[in-house]
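J.: What follows is the residue order along each chain.
2 protein chains.
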Amino acid sequence: MAKKSFPLAKVYTLLEPGPVTLITTAHKGVANIMTQSWHTMMEFEPPLVGCVISGRNHSFAALKATRECAINIPTAELAKQVVLIGNCSGSKVDKFARSGLTALPASLVQAPLIAECYASLECRVADSRLVNSYNFFILEVVKAWVEPSIKQARTLHHRGKGEFMLAGETLKLPSRMK
Amino acid sequence: MAKKSFPLAKVYTLLEPGPVTLITTAHKGVANIMTQSWHTMMEFEPPLVGCVISGRNHSFAALKATRECAINIPTAELAKQVVLIGNCSGSKVDKFARSGLTALPASLVQAPLIAECYASLECRVADSRLVNSYNFFILEVVKAWVEPSIKQARTLHHRGKGEFMLAGETLKLPSRMK
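Chains as they are written, first to last, in my numbering: chain P, 3 to 180; chain S, 3 to 180.
This is chain P alone, in the form it adopts within the complex (with noise of 0.2 Å):
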């Protein structure tokens, strides 16, 4: 997809929907890329994003050293990608050749873009303090990518254990909420 760029101000509408996330890392020259769910956005503008990177993960110890990643938005279309790459170990698998996904350059940030999907945040982790009791992130946006023909994207929700909600019929109501 040829994404363009897109406004800070407006990464909230992107993620406060609870999408499935593609989070891409790289580390001493080795990309890698996990699922992930546990994502909530904490500022408007600079955009932060709240993010849980288990222990567990592969992307934990590049996360912590490089202090950079990617927020990409996977739609329906890459469910089987989405699934594949939450069940193997980027310490183990190299999940750019297994997934058959495509890494793109960022700016700003040495974590690459996954350029199937219709959404690329670089982010740098901007405060830490949370990490070593939840292994939770807080990270910046610093530049934004969105496909611009999409207009409501077909985002993953997950529901647990491989079952997901798609994203159904929009509804608008007037409201004076950002």
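Calculated directly from the structure, the hints in this document are not laboratory data. Treat the hints loosely; a few may be bogus.
A pair counts as met if it fits within one copy or between any two copies, since identical chains are not told apart.
[What the hints assert, rightly or not] The list that follows gives simulated cross-link-like pairs (lysine-lysine, DSBU-like), each with its CA atoms no further than 30 Å apart: (1) K145 / K30; (2) K5 / K174; (3) K174 / K153; (4) K12 / K82; (5) K180 / K82; (6) K82 / K153; (7) K30 / K66; (8) K30 / K163.
Nothing here was measured: the structure is a model prediction, and the numbers come from that model.
Put chain S on the given structure of chain P with help from the hints.
T.: This is chain S only, laid out in the frame that chain P set:
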């Protein structure tokens, strides 16, 4: 709804897909509700949930003082009430009266449960280290209730400014993920 007790170990299946929630508090005998989407699971069991409750919300002071709340999960039928509650302040309005929602007593906390929501999670503040920096409360779910007749809830997922994605169809793939 006649909700039944729900296993704490499965609470993540309710919150991981990213639904809009209605968070209730009770402070000095006054109950309040806020609309909330910035939350993430942080641990499976006991279930920990990280929540941003802005200092601009009337609920902030109640949660800080009482260290208790309930996370109620509405379905699409309650969309109008969700927006109404998000667009007024408990400092001026009795949100239960205004929305017509029904407060039910909880079992372990003072905050009321919302009868019309399909799930309700009684919570206590477990860690407030990041409240000053980010208005970020880490809550422990101490009791969970779910309406047993609803298998795949039509939850609301906020995309910003009153636009919601409604939970769509279900996709099940073989997975070893929890």
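J.: Should K30 paired with K66 be assigned to within, between, both, or neither, using CA atoms and 30 Å as the limit?
T.: So K30 and K66 pass the 30 Å test inside one copy only (13 Å; across, 44 Å).
J.: Under a CA distance limit of 30 Å, which applies to K30 and K163: within one copy, between copies, both, or neither?
T.: This pair counts as neither: shortest intra-copy Cα distance 32 Å, inter-copy 42 Å.
J.: Classify it for me, K180 with K82: is the Cα-Cα distance of at most 30 Å met within a copy, between copies, both or neither?
T.: between (34 Å within a copy, 16 Å between copies)
J.: With 30 Å as the alpha-carbon cut-off, assign the pair K145 and K30 to within, between, both or neither.
T.: Answer is within; shortest intra-copy Cα gap is 22 Å, inter-copy 45 Å.
J.: Are the CA atoms of K174 and K153 at most 30 Å apart within a copy, between copies, both, or neither?
T.: both (14 Å within a copy, 25 Å between copies)
J.: At most 30 Å between C-alpha atoms: does K5 with K174 qualify within a copy, between copies, both, or neither?
T.: both (26 Å within a copy, 29 Å between copies)
J.: How do K12 and K82 come out at 30 Å by Cα distance, when the copy is not named: within, between, both, or neither?
T.: Classified as both; 28 Å inside a copy, 24 Å across copies.
J.: Indicate which option fits the pair K82, K153 if close means a Cα-Cα distance not exceeding 30 Å: within, between, both or neither.
T.: both (23 Å within a copy, 23 Å between copies)
Hint 8 from the earlier list is the only one contradicted by this structure; the remaining hints agree with it.
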